[in-house]
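Single-letter residue listing:
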Amino acid sequence: MRCGVFGIGNVLLHDDAAGPSLIRFLQARYRFEPDVALEDVGTPALDLCGHLAGFDIVILVDSVAAEAAPGTVVTYGREAILKYVPCVRISPHEPSLAETFLTLDLMGQSPRHVSLVGIVPRSTDGGLGLSDEVRAALPEAAAAVVAELAMFGVEAHENDNAVDYWWEPLSAA
Amino acid sequence: MSRIVIDPITRIEGHLRIDVEVNDGQVDKAWASSTMWRGIEKILVGRDPREAWLFTQRFCGVCTTVHALASVRAVEDALQLEIPLNAQYIRNLIQIAHALHDHVVHFYQLSALDWVDVTQVLKADPAKASQIAESLSDWPGNSKNEMKAVQEKVKGLVDSGQLGIFAHGYWGHPAMKLPPEINLLAVAHYLQALEYQRYANQVVAMLGGKTPHIQNLAVGGVANAINLDSSAALNVDRLYQMKSLLDKVIPFVQNVYFSDVCAIAGLYPEWFSYGAGVTNYLSVPDLVLDGKNTEFDLPGGTIFGDLATYKPIKGQRDDYWRKAVTETAAHSYYKGSDPLHPFKGETEPEYTDFQDNGKYSWVKAPRFEGKPMQVGPLANVLCGFAAGNPLMTKWAGLALEKISAIAKVKATPAMLHSTLGRHGARAIRAAVLSELAIKHWQLLTDNILKGDTTVFNKPEFPKGTIEGVGFHEAPRGTLSHWVVVENGKIKNYQAVVPTTWNASPRDEKGVPGPYEASLLKNPIADSEHPLEVLRTIHSFDPCMACAVHTFDPSGRRIATVKVL
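So the sequence lines, in the order shown, correspond to chains A and B.
Taking my numbering, the leading residue of the first sequence gets 1, the next gets one more, and so forth.
Taking my numbering, the leading residue of the second sequence gets 1, the next gets one more, and so forth.
Bear in mind the hints are in silico, worked out from the structure with no lab data behind them.
From a predicted model like this one, the values you see are computed outputs, not experimental measurements.
Where a beta carbon is used, it is the ideal one built from N, C-alpha and C, also for glycine.
Check before you lean on any hint, since a few could be wrong.
Quick look at which bits of chain A chain B covers, simulated, 3 or more residues with Cβ under 8 Å [said to hold, decoys possible]:
1. 6-18
2. 44-50
3. 97-106
Here are the in silico distance ranges between beta carbons for each label pair [as the list claims (entries may be wrong)]:
4. A:28 - B:247: 23 to 29 Å
5. A:35 - B:435: 35 to 41 Å
6. A:56 - B:454: 40 to 46 Å
Based on the provided sequences and hints, a complete structural model is requested.
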């Protein structure tokens, strides 16, 4: 059983870095079995399919535009992800997550399970570094990812390495 | 008169917005507007130039490698640093594999459905579709059984009442004209493309360590260890694994993608007369063959209207290129309106609302010797053709021949100044690159077998100020990064990206950019469903380098079409 945790977001846009940050956090604070992949895939849009194909269990980590306070952690299932209606688009950035899973369906490569652990951002304007709220939410979001994996018998062991967010502003680094 | 606004709605301001005014069934005014990166380059100020590429490859989630490459080239240019041949070949192979992936994705996944009506697939005769396919090219994936299976798949989607991934098309639109069998063939290849584009990406991953963010670049070369005796390094096994991936991708590019574009173009010949817009073209030479960046496999230069005006750009240090580029903010949301050279570029925002005759875009207007320029595969192919490049000439000739046979009119190079010409040129470029993939694989392999394992020359930063430009002929056209380094730290950084050239707003003289000009006189059959606008804009392969992909659980549609 191949499990993948995929961080989505742009590290140059403040809290849009929530997904990639959570990947770095999980890599430093947990030890996983070798069949668990942890990847920061950035904002691959249409290309996301290629990264997810072949995985049985997919957990996406991302910033979410939910109506809740910044730093709130929310988990969604496949149905919520597929609520997005594909429609007219102009650039390759616009395809939604729903289109990724519809395409995987068409390819016969859909994962057995998919969920999304999201953090509500404060700001996704251009600039480096997470807001205090989102940074504080990382342990809770990481625990949510670990809980998702545990449903499939995938174990994670706590670890205490320092987290390296290489893109953080110079003053904070 | 009616005004159509196509506006992708995201929670964050961004992306590309197109406004057109329609009179008597055709476009007579157009505006392209967007949020662009601009301010993001400020993140680099004060940083170590050796790590700039790690940040720039995050400018855009789709075109990651191209921004990494342009960045290291800019810093190397400032240092006048020579690059080992192995590093050049590895970079060339990465850019070829990325471009093959990108061009295939663009045609099938992003724009084929502007021309192909999926609902017509059910009316097709699979045996006839297979026969037509076999007359077009020699490709094993065109059997009657394959066509039948694809038809069943689409039938399943239609019966379930959900077209799923195909739900965003304008099905049944009066501008859709392909015979049912060609629609079936195109959908079959749409599905196959999903598989073959991944092989191209695997080549990028093998050399780059990972995708989408490659890890093997360095100012001064690459970080790939070459050791024929080590299983962890680049060795003969790996080279042959890479070759076997290329051997899968190349026939797909030549026998499926190239062939489909010619067939579809031949069945919509009227679209060779729309969408020319700005016929000034800019491309830069690429696929470097020497350590000093002076010899290239693909030529670049400028064309102003007539191909006879072609003037080559000889390299990054050629003053014809280096001194000609400016950007103006007269109609952009920034202070100042004087054209500025990228080394002196400023990025002070001054937001207003959308003003038809004032400021309306976050994109600046880049100009070459004061003129708007179209960039992209069409510019690349026309320059290659004008320069007499043998591969460009060969594949352009083949394309025109195939299109002529299907359209039953004589296709000429002049027809390439058009919406379909941009698709044709992208397929021509992909076919050329597919041949060059093997050439550069062989160059790398031979050089390694000769015993050369050098991949890196260490950069040394002098005291004082140095300036450099790195360019790259990316899948969407000419990309350039301009860097000023002072005492080993970045002082100024500007990226002039392909979509900035093409999506440029009007300049201080009121001259529109390529998107805007290309939409004029496009027919509009149905204002509620402006398929024709999408056809022309998609033909440029837009990529607004500002993807914010926050997941929105409210299920809002991501784009709206409004008719005012």
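When the hints from earlier in the document are held up against this structure, which numbers fail? 4
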